[in-house]
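Undergrad: One line per chain: the protein sequences are A and B, in this order. Residue 18 in the numbering used here sits at position 18 of the first sequence, with consecutive numbering throughout. Start counting at 1 in the second sequence, then tack on 1000, and there's your number in the numbering used here.
Treat the hints with care, since some could be wrong.
Here are the computed distance ranges between Cβ atoms for each label pair [claimed, not checked]: (1) D135(A) / Y1131(B): 35 to 45 Å; (2) R1012(B) / F116(A): 43 to 53 Å; (3) N38(A) / H1185(B): 21 to 31 Å; (4) T137(A) / K1323(B): 14 to 24 Å; (5) F116(A) / I1175(B): 51 to 61 Å.
According to the in silico footprint, chain A covers these stretches of chain B (three or more CB under 8 Å from chain A) [unchecked claim]: (6) 1041–1047; (7) 1072–1079; (8) 1208–1214.
Just a few of them, taken from the derived set where beta-carbon distance is under 8 Å, the chain A residues facing chain B [said to hold, decoys possible]: (9) G29; (10) A54; (11) C55; (12) K70; (13) A72; (14) F115; (15) L124; (16) Q234.
Hints were generated in silico from the structure; no laboratory data involved. C-beta: ideal position from N, C-alpha, C; glycine also.
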Amino acid sequence: MACLQVEDISISFGGLKAVQDVSFALEPGEIMGLIGPNGAGKTTTLNLISGLYACDTGRVLLNGKDVTDKKAYERARMGLGRTFQTPRFLSRSTVGENMKLGTDLADQMGFLKSFFGKKGNDFLDEVDQYLEIADLTVNWKDDISSLSYGQLKRLEIVRALLSHPKVLLVDEPAAGLNAKELEKSVALMRHAAEKGVGIVLIEHKMDMIMNVCDHIVVLNFGKMIAHGTPEEVQSNEAVIEAYLGR
Amino acid sequence: MENGTKRSRFLRLLLVSAVVIAGILLVDKFFIQNLKNSRVNLINVALIYYFSVAGMYLMLGLGGCMSMCSIAVMGLSAFVCGFTNTKLGWPLFPAMLCGILSSVILCAVVGSLLMKLDGRAFMFGTMALVYIGTSVFQNFSAFTGGPNGTSGISKLTLFGKTFSTFKSWFVLLAIACYLLILLLHRIKNTSFGRSLMAARDDETAAYSLGVNVYRTKLLAFIISGVFSGIGGALYAVHNGTISASLFSFTTQQSFIIMLMLGGVMSPVGALFGSILVNYLPEIARSAGTYLNMLYGALIVLLMIFMPMGLAGLLKNQYQKLRKLLTGKRKKTTAKESA
């Protein structure tokens, strides 16, 4: 069964049809690329899936359950993780507090339970495993603001993975990263996919997309213009036209 | 969070508590008992105000929401406690509980109405509550005693000891404030505390991490209502007599200054802020009519030079000193550095 199914979702902002009738399905363990020129509606599509925007039409199904009417935080609790184009962290907190927010989502403790109970330290092993894959060394008690952009980009994926998502939406993981850092981000995503997480990946770096993704959806002006394996997409006329502007 | 943490943490807590309580007893013996009664009253009231200031720390420091109605919530609790005790003849503890409960209900109702608004609208909405409160406290004579206020509230008796003078209250209130600080510290380190900070720093990130921002902030508002409610009930019993003028917007203003002066991110700082703001005018009485002018100028300087208050200033100096002594921190694994 598909872990994420998107059926004909659309949204308009005023007169602008930002996303029109986009449909695709994602199997567990699959990495799907979502590409298109700037302004094609890629991030808007992610926002529709994660619930930050409400769909005008269409449905979003998470593990077979219709979540179209669910709010963003409810979808997150149902196993939908995401990262952002610019990493979003609690700017005035420590690395540890930021990472714990990811594990809090996996634990889903109520207020009273979290007040009287004690959070175990088991998750630290998991954190270290991810940090090793991401080639990150951080101090748990440092302020998050002491980290570089490249570190934050990778740390955001780690935080999302700590919440044990079933579907992970990753928005431009390569932006601002050097080749080595990017390689580590890819390793993180591959590791997650091997564990059965379905990943939707937005990216502009074509060599990375072609290399990593099992299949690719191409958007242009909010419409889906192609859908297929990397080879199929590369030789698609409409895609070449959209990118080269013929 | 090293190995064997639970025990070592408990021992550390015990040690700190012992030192703090010993400190309180020493201050009581050598300072409070030799002070004029009116000055002890000022310090006690500052400690009672701290309950409301602690609620504001939770809302503003952790939640990023400026709530302006603590004084009205406190007033409601005080008058309900006074009414049930003097007019209905209830014993003190049920009366106090009833006061606290009334402030929780008020916060739940007002919070669920206003919390959906953005920060500024929420602030103005809660501000209106103070004006409503003052007017009700002044004019609803059957309940509050109107302009005369409520008097003759019973004296507190605890462990066979009656708290009849201001001087006898100090130790009790100081220990209550210490417990409150421990509670705030604990709250900050729960998943609820982290959710609250997430809602403060980045709502979008909070949503994507499964945080119900509205519910989290509402819960924080209700908890701050519990704190203000306890403060109000204590105020009524401590003073024995209460009147509407005690719960005006001016006091709310000083709550904000107490929090900002002490440090909006630090519960301990806010405690010292409360005591300073309440006690300083007494010391600087010789400044006479210039006092308010000086006060205003001080606040302007405070915001320019120490936006994070006294606690922020101390933290900065401490970090600079540590950096100087230990050099740059070594980066290690999460497990080792946690």
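Undergrad: Any CB of chain B closer than 8 Å to the CB of G29(A)?
TA: Violated, because the Cβ-Cβ distance from G29(A) to chain B comes to roughly 22 Å (cut-off 8 Å).
Undergrad: Quick check on a hinted range of 14 to 24 Å for T137(A) and K1323(B), using CB atoms only.
TA: holds, 19 Å
Undergrad: Hint says 35 to 45 Å; check whether the CB-CB distance for D135(A) and Y1131(B) agrees.
TA: violated, 58 Å
Undergrad: Is the hint on A72(A) kept, meaning its closest Cβ partner in chain B is under 8 Å away?
TA: holds, 4 Å
Undergrad: Confirm or reject the coverage of the stretch 1041–1047 of chain B by chain A under the rule of 3 or more residues with a beta carbon closer than 8 Å to the chain's beta carbons.
TA: With 0 residues close enough to chain A, the hint is violated.
Undergrad: Does the nearest C-beta of chain B fall within a distance shorter than 8 Å of the C-beta of A54(A)?
TA: violated, 13 Å
Undergrad: Hold the hint about F115(A) up to the distance rule: shortest CB distance to chain B must be less than 8 Å.
TA: With a closest approach of 5 Å, the F115(A) hint holds.
Undergrad: Examine the stretch 1208–1214 of chain B: at least three residues should have C-beta closer than 8 Å to a C-beta of chain A.
TA: holds (count 6)
Undergrad: For the stretch 1072–1079 of chain B, count the residues whose Cβ lies under 8 Å from any Cβ of chain A; is that count three or more?
TA: Per the Cβ count (0), the hint is violated.
Undergrad: Does Q234(A) pass the interface hint, meaning its C-beta sits closer than 8 Å to a C-beta of chain B?
TA: violated, 32 Å
Undergrad: Going by Cβ atoms only, is K70(A) closer than 8 Å to chain B?
TA: violated, 11 Å
Undergrad: Hint check: is the beta carbon of C55(A) less than 8 Å from a beta carbon of chain B?
TA: violated, 16 Å
In this structure, the earlier hints numbered 1, 2, 3, 5, 6, 7, 9, 10, 11, 12 and 16 are contradicted, and the remaining ones agree with it.
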